[in-house]
Amino acid sequence: MSLDDFLYTLRNTPEEITFSLSISIIDTYYQFTPTAFQNAGLDNPAGTNNGSCKIFSFGLLHKLSEQQTLALFAQYYQDVLNTPDGDDHQNIRHFMRHRWSGIDFSTAALTLR
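Number 18 in my numbering belongs to position 18 of the sequence shown; there are no gaps in the numbering.
The hints are simulated quantities; they were obtained by calculation from the structure and are not laboratory data. Built from N, CA and C at the ideal position, the CB exists for glycine as well. Please note that the accuracy of each hint is not assured.
As the list claims (entries may be wrong) - In the SDA-like style, the derived pairs of lysine to any residue whose C-alpha atoms are separated by at most 25 Å in a straight line are:
#, residue 1, residue 2
1, Lys63, Ile103
2, Lys63, Ser101
3, Lys63, Arg99
4, Lys63, Ile17
5, Lys63, Ile23
6, Lys63, Trp100
7, Lys63, Leu21
8, Lys63, Gly86
9, Lys63, Arg113
10, Lys63, Asp104
11, Lys63, Thr13
12, Lys63, Thr28
13, Lys63, Asp5
14, Lys63, Tyr30
15, Lys63, Thr9
16, Lys63, Met1
17, Lys63, His98
18, Lys63, Arg97
19, Lys63, Ala40
20, Lys63, Leu3
21, Lys63, Gln38
22, Lys63, Phe19
23, Lys63, Leu112
24, Lys63, Ala36
25, Lys63, Ser20
26, Lys63, Pro34
27, Lys63, Gly102
28, Lys63, Arg11
Said to hold, decoys possible - Estimated spans, in silico, between C-beta atoms of each pair:
#, residue 1, residue 2, range
29, Gln67, Ser2, 21 to 27 Å
30, Glu66, Asp4, 17 to 23 Å
31, Gly41, Arg113, 30 to 36 Å
32, Thr107, Ser24, 20 to 26 Å
Full structure from sequences and hints, please.
Encoded structure:
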């Protein structure tokens with residue numbers, strides 16, 4: 001799938017997006033550098049939570065809305081919606097509460113190939 005096709009799907013039928021597809025697209029079109037980031041006080045050292053790091057970096061690069069970014073997490077976002085009082089998927093839960101204002105990267109994690 002091309003990057004443009006992926007973004008079109010995300011905008012028009014986000015329910016068709018899976019987490020593995022999101023990561024596959026990012027890995028195909030971007031060079032990833034593990035990077036430390038903050039998510040509303042949740043510390044993510046470089047090399048940890050790389051999936052979240054990739055998704056949030058991609059969202060910032062493409063100026064995605066919060067909802068579009070959450071759609072990239074696909075089934076993991078749905079898990080959070082299904083268990084609002086749960087304590088799993090903390091990066092998703094923090095992002096749902098604090099949105100983009102809580103995200104801060106130490107350096108760029110993605111560069112276009």
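Violating hint indices (sorted, rising): Of the numbered hints, just 8 does not hold.
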